[in-house]
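Protein chains: 2
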Amino acid sequence: MRTVEPIRWTSEGVVILDQTKLPGEVIYHTYTDYRDVARAIKSMVIRGAPAIGVAAAMGLALGVKSSKATGVEGLRAEFVAMCEMLAQTRPTAVDLFWAIDRFKRRFEELSREDSREGGVDRIRAGLVAEAQTVHQERREADERIGRYGAELLPKSCRVMTQCNAGALATGGIGTALGVIRMAVEGGYRIEVLVPETRPYLQGARLTAWELNQDRIPLTLITDNMVGHFLKTGGVGAVVVGADRIARNGDTANKIGTYGIAVIAKENKVPFYVAAPLSTLDLSLPTGEQIPIEERSEEEVTHLRGMRISPDVHAAHPAFDVTPARFITAIITERGVARAPYEESLKKMTEAQ
Amino acid sequence: MRTVEPIRWTSEGVVILDQTKLPGEVIYHTYTDYRDVARAIKSMVIRGAPAIGVAAAMGLALGVKSSKATGVEGLRAEFVAMCEMLAQTRPTAVDLFWAIDRFKRRFEELSREDSREGGVDRIRAGLVAEAQTVHQERREADERIGRYGAELLPKSCRVMTQCNAGALATGGIGTALGVIRMAVEGGYRIEVLVPETRPYLQGARLTAWELNQDRIPLTLITDNMVGHFLKTGGVGAVVVGADRIARNGDTANKIGTYGIAVIAKENKVPFYVAAPLSTLDLSLPTGEQIPIEERSEEEVTHLRGMRISPDVHAAHPAFDVTPARFITAIITERGVARAPYEESLKKMTEAQ
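Chains as they are written, first to last, in my numbering: chain A, 5 to 356; chain B, 5 to 356.
No wet-lab data here; the hints were simulated from the structure.
Certain hints may be false.
It does not matter which identical chain is used: a pair holds within one copy or between any two.
Taking lysine to aspartate or glutamate pairs in the EDC-like style, the calculated list, with each CA pair at most 20 Å apart, reads [said to hold, decoys possible]:
| id | residue 1 | residue 2 |
| --- | --- | --- |
| 1 | 108 | 9 |
| 2 | 235 | 298 |
| 3 | 69 | 82 |
| 4 | 235 | 297 |
| 5 | 235 | 270 |
| 6 | 25 | 347 |
| 7 | 272 | 297 |
| 8 | 108 | 297 |
| 9 | 25 | 315 |
| 10 | 235 | 292 |
| 11 | 351 | 285 |
| 12 | 108 | 82 |
Using the sequences and the accompanying hints, generate a full structural model.
Next up, the structure:
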């Protein structure tokens, strides 16, 4: 199965598929300035927590590569500014901060390794390589998540997802959609129920498009149909991605996920979170500490530029938090974690 | 408080506000042919179970009034055809069938009252009066529902609703919004949380517009935000309308209502259904027997004529069923019914 590539490192620059234009137009931008990569993250040209991590890594590599600095100190000062700018793009996705932290550590390693003249070039080459490593690790993590997750699904069923936790969201085969892809490759008969995911329509625009490209059967529904289908629609499992997972397993994901989890539990439908360990934030004891991004009201009162409501006040929290007690299991690249998550997730990170 | 009038009987014909054009355009159509009234119901120019009942009544009155029949038998044959056509417009809203049944009974009464020549005119005048009586009863029922419901709300809170159970949906002050209007008139400090209600956007287009006209504060949200706000948004109560209520209290209402009810219960937020007794269908023991209208896929894959997804399969159940155990109380014009509903609802209908 050949899945779409939302981001790619090339010698000309970072090539990013513009997800704000899908499915109507398939447009790739080539960015040569890290500031444009930051803007692409902020404006959701690229989105999805793992893919944001890859984009941040490539943005930093691009910034360092194109820097005119001749000494390590000058380069470090520029690098710190790049990190700060990228850190301000999306507050909820922890992979962003994970990638920035990893690059900060790698920068220091590379600058220690070689304090001779020429150290600047060594750092440049090292960080460009690191960005590609991050991307490659992401791909491998997705495949492992997919394999672990597929084992949890019934051989023939409907699977509900939310938003887009697919190739477009990770740069690999996807987390939630990676589980579905691996199941389909393994001969399972799967039909995917795709909530459209207002206000940005990642379900209708991205997940429907991505599954359609891979000829995986799907039914598109509006977000308020999830309850009806969980009650009457023969759904065998819900599989979603994650933007940040607290130590106790509480999970921030696209707005609507919490509601799906509550209704799934009421109807005894297993609810799975599929996410790489980079999505874990062990510094947060519970989900209550996860910052929730508020986006513009206009994205609610308008749809693709067209006003759909009178001129009224709207709210736009982009994520919600699903308490761990609604989560049947968390599928990671190191295996399947079950409650109590504080323990099982800790073990997995230690296994790394 | 002077609320909008979605339907009005005039000497020129039935005047109906085109709800498919709101909030962008405020257009009234004057229908002189009952077939146009049937088409207006089917295409949702007028919608909302109680308003559909009023429209069906006025449609029948219009049809009988403009009939060229000179004898009672001829008029009856035409009347039966009118009833059949109207019965095929919307399958879930029971008020439609309630109105048709009431008109059939009234037709027979009027034809018995007077078998002399001139009976046709007597029937015509009688059914025109009956349509106005139905409308007037609707207005009075809304006011009583509003008063009973307001007593259940906290004096200062956020109230979540769903779809539009307002003046536009009933021809009075609304059922769910009638409760809110009566509370606001009584000095309560209410802010209404309005889910946009895809695919037709009755929340964003109609409820937001209607509340805005009356200067009642509101916050518009997308349908997948209901969980987040029920968990964290200080919601004091949910109040929704109903399209059909079974004998045991199971309630069919706009798609999404079931999910809201489940999440409300999880968060200990009272969940109220506000509906006139005409919405009761005592012939159905439970909600499982309520027919659920399937509307076109295009209403999901498109938004106001603009394609928003690739060319994929979509589902469009227009209603869902909320089991009685999630309903804190059902507010009717005869008072507030509580579980067990089989008993309490029966008592209320007997009180009529």
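So, going through the hints one by one against the coordinates:
no.	hint	result
1	108 / 9	neither (26 Å within a copy, 64 Å between copies)
2	235 / 298	between (31 Å within a copy, 17 Å between copies)
3	69 / 82	within (11 Å within a copy, 83 Å between copies)
4	235 / 297	between (31 Å within a copy, 17 Å between copies)
5	235 / 270	both (9 Å within a copy, 16 Å between copies)
6	25 / 347	neither (42 Å within a copy, 56 Å between copies)
7	272 / 297	neither (30 Å within a copy, 26 Å between copies)
8	108 / 297	neither (24 Å within a copy, 57 Å between copies)
9	25 / 315	between (26 Å within a copy, 16 Å between copies)
10	235 / 292	between (29 Å within a copy, 12 Å between copies)
11	351 / 285	within (14 Å within a copy, 56 Å between copies)
12	108 / 82	within (12 Å within a copy, 82 Å between copies)
When each numbered hint is compared with the structure, violations occur for hints 1, 6, 7, 8.
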